Amino acid sequence: MSYPWLVMIIIGVLTFATRISFIVLLERWQTPSIIRRALRFVPVSVLTAIFVPELLSPEGVPDVSLNNLRLLAGGIAMLVAWKTKNVIWTIIAGMGSLFLLQWFL
Amino acid sequence: MKHTQIVWREFLSGVKDELPILAGVIPFGMIYGILALGAGLSTTEAQAMSAIIFAGSAQFMLVQLAGVGTPALVMILTGFVINLRHALYSASIAPYTRQLTLPWKALMAYLLTDEAYAVVITYYHQGDEHKHKHWYFLGAGLALWGSWQLSSAVGIFLGAQVPPGWSLDFTLALTFIALVIPTLNDRASVLAAIAAGIIAIVAAGLPYKLGLLTAALVGIVVGLWGEER
Numbered sequence: 001m002s003y004p005w006l007v008m009i010i011i012g013v014l015t016f017a018t019r020i021s022f023i024v025l026l027e028r029w030q031t032p033s034i035i036r037r038a039l040r041f042v043p044v045s046v047l048t049a050i051f052v053p054e055l056l057s058p059e060g061v062p063d064v065s066l067n068n069l070r071l072l073a074g075g076i077a078m079l080v081a082w083k084t085k086n087v088i089w090t091i092i093a094g095m096g097s098l099f100l101l102q103w104f105l
Numbered sequence: 001m002k003h004t005q006i007v008w009r010e011f012l013s014g015v016k017d018e019l020p021i022l023a024g025v026i027p028f029g030m031i032y033g034i035l036a037l038g039a040g041l042s043t044t045e046a047q048a049m050s051a052i053i054f055a056g057s058a059q060f061m062l063v064q065l066a067g068v069g070t071p072a073l074v075m076i077l078t079g080f081v082i083n084l085r086h087a088l089y090s091a092s093i094a095p096y097t098r099q100l101t102l103p104w105k106a107l108m109a110y111l112l113t114d115e116a117y118a119v120v121i122t123y124y125h126q127g128d129e130h131k132h133k134h135w136y137f138l139g140a141g142l143a144l145w146g147s148w149q150l151s152s153a154v155g156i157f158l159g160a161q162v163p164p165g166w167s168l169d170f171t172l173a174l175t176f177i178a179l180v181i182p183t184l185n186d187r188a189s190v191l192a193a194i195a196a197g198i199i200a201i202v203a204a205g206l207p208y209k210l211g212l213l214t215a216a217l218v219g220i221v222v223g224l225w226g227e228e229r
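Protein sequences, first through last, are from chains R and H.
As numbered in this note's numbering, the first sequence has no gaps in its residue numbers, which increase by one up to the final residue, 105.
As numbered in this note's numbering, the second sequence has no gaps in its residue numbers, which increase by one up to the final residue, 229.
Just so you know, the hints here were simulated from the structure itself, not pulled from any lab data.
In this text the structure is predicted, and so the values were computed from the model without any measurement.
Please note that a few of the clues may not be correct.
Claimed, not checked - Covered by chain R, according to a simulated footprint, are these stretches of chain H (three or more residues, beta-carbon under 8 Å):
(1) 3-11
(2) 136-148
(3) 151-160
Claimed, not checked - Distance windows between CB atoms, simulated:
(4) H:H125 / R:D63: 41 to 51 Å
(5) R:F99 / H:L100: 43 to 53 Å
(6) H:G165 / R:P62: 19 to 29 Å
(7) H:W104 / R:P62: 44 to 54 Å
(8) H:L100 / R:V61: 44 to 54 Å
(9) H:M1 / R:A17: 11 to 21 Å
Unchecked claim - Chain H side only, calculated, beta carbon under 7 Å to chain R, not exhaustive:
(10) Q47
(11) M49
(12) I53
(13) A55
(14) V74
(15) L77
(16) A94
(17) T171
(18) A173
(19) S189
(20) A196
(21) V202
(22) G205
(23) P207
(24) L212
(25) I220
Beta carbons are placed, not taken as given, at the ideal position from N, Cα and C, and that holds for glycine.
Turn these sequences into a full structure, and let the hints steer you where they fit.
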């Protein structure tokens, strides 16, 4: 990681600024509704953009075949996430199926 | 009841209500510590990140980007976009923190994570108005803060001893799946997720690892578009 301390401190300051923004400003400034609505899509967009390549292209290029064990294990994890809505069970299901697939295939 | 008794009661009930959430946070913190060392951060840097940034998903993402040699500016931009959601929490908490002094507001802001927000906003929405609810916030926030720092430290300690063959980096994708999938309850969110996923694959080759940022922005725009139709 290049310039780790600089990167950490800048992101730390930006995160703090984001967190304190409306707590300090709200009395003076009404948030445009487009911004409020856009913020709702930040977590889903960012997190999906991170995990999809981890499943589809674990080696750097897209691989939609039965050889791609992370895609299979990820699919199982998605079902468990939908059913249980629980982080721990999702991780256990995903890691468990990855280990089993690596063992048998 | 005396003032100190009320304050103490509020603080402890904040801690108590945060406890069930800690069961999910502690493994998350440990995995962060393990991955941070795997990505080449020193133990000091990995622990400092938990204290300075104090935001799980941003820390996971930074560790992942660090592992593939992403330029500092792109890491900063991406971290900023990921943490933008805290502005939502800030706006939603703001009406309840108006009477507080600036140092208190700053402390609340530092502690305003996803998990603290979830617990605190429920309490603020409960009917009875009184002047000591910020002590509840402090209790919930500090319980989470302490667990995050400690579980990161345990992960950092373990990180040195986990063999790479264990594929522990996969827990990052799994954690994000667990956070995203249950929120896909409406069409606009589903469209945002699909768009972000497709662009993340298509734009993977963009220079300076800008693919993630591009995919996130496209997802947000598509979500807004889907909501209007």
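Taking the hints in turn, this is what the structure says about them:
Check result for the segment 3-11 of chain H against chain R: violated, 0 residues qualifying (beta carbon to beta carbon below 8 Å, three or more required). Check on the segment 136-148 of chain H: 0 of its residues sit with their Cβ under 8 Å from a Cβ of chain R, so the three-residue criterion for coverage is violated. Coverage of the segment 151-160 of chain H by chain R is violated. Counting CB-CB distances below 8 Å, 0 residues qualify, and the rule asks for three or more. A C-beta distance of roughly 46 Å is found between H125 of chain H and D63 of chain R, which places it inside the suggested range of 41 to 51 Å.
Range check, F99 of chain R to L100 of chain H: about 49 Å between beta-carbon atoms, so the 43 to 53 Å window is met. The supplied range of 19 to 29 Å is met by G165 of chain H and P62 of chain R, whose beta-carbon atoms lie about 24 Å from each other. About 50 Å separates the C-beta atoms of W104 of chain H and P62 of chain R, a value consistent with the hinted range of 44 to 54 Å. Between L100 of chain H and V61 of chain R the C-beta distance comes to about 52 Å, which sits within the given range of 44 to 54 Å.
The hint said 11 to 21 Å for the Cβ distance between M1 of chain H and A17 of chain R, and at roughly 38 Å that hint is violated. At about 11 Å, the closest approach between the beta carbon of Q47 of chain H and any beta carbon in chain R exceeds 7 Å, and the interface hint on this residue is violated. For the restraint placing M49 of chain H at the interface with chain R, the shortest Cβ-Cβ distance is roughly 5 Å, inside the 7 Å limit, so the hint holds. Look at I53 of chain H: its Cβ gets to within about 5 Å of chain R, closer than 7 Å, so that hint holds up.
For A55 of chain H, the shortest C-beta to C-beta distance to chain R is roughly 6 Å, which falls under 7 Å, so the interface hint holds. The interface hint given for V74 of chain H is violated, since its Cβ lies 10 Å from the closest Cβ of chain R, which is over the 7 Å cut-off. For L77 of chain H, the interface hint is violated, the least distance from its beta-carbon to any beta-carbon of chain R being 10 Å, above 7 Å. A hinted interface residue such as A94 of chain H counts as satisfied when its beta carbon comes closer than 7 Å to some beta carbon of chain R; here the least separation is about 4 Å, so the hint holds.
The interface hint given for T171 of chain H is met, as the beta carbon of that residue sits about 6 Å from the closest beta carbon of chain R, less than 7 Å. Interface restraint check: A173 of chain H against chain R, minimum CB-CB distance 4 Å, threshold 7 Å, status holds. The restraint placing S189 of chain H at the interface with chain R holds, with a minimum CB-CB distance near 5 Å, inside the 7 Å limit. Taking 7 Å as the C-beta contact cut-off toward chain R, the hint placing A196 of chain H at the interface holds, the least distance being around 4 Å.
Hint status for V202 of chain H: violated, given a least beta-carbon distance of 10 Å to chain R, over 7 Å. Because the smallest distance between the Cβ of G205 of chain H and any Cβ of chain R comes to about 10 Å, over 7 Å, the interface hint for this residue is violated. Below 7 Å, beta-carbon pairs count as interface contacts, and P207 of chain H has none with chain R, the closest being about 15 Å; its hint is therefore violated. A hinted interface residue such as L212 of chain H counts as satisfied when its beta carbon comes closer than 7 Å to some beta carbon of chain R; here the least separation is about 5 Å, so the hint holds.
At a threshold of 7 Å, the smallest CB-CB gap from I220 of chain H to chain R is about 4 Å, leaving the interface hint in force.
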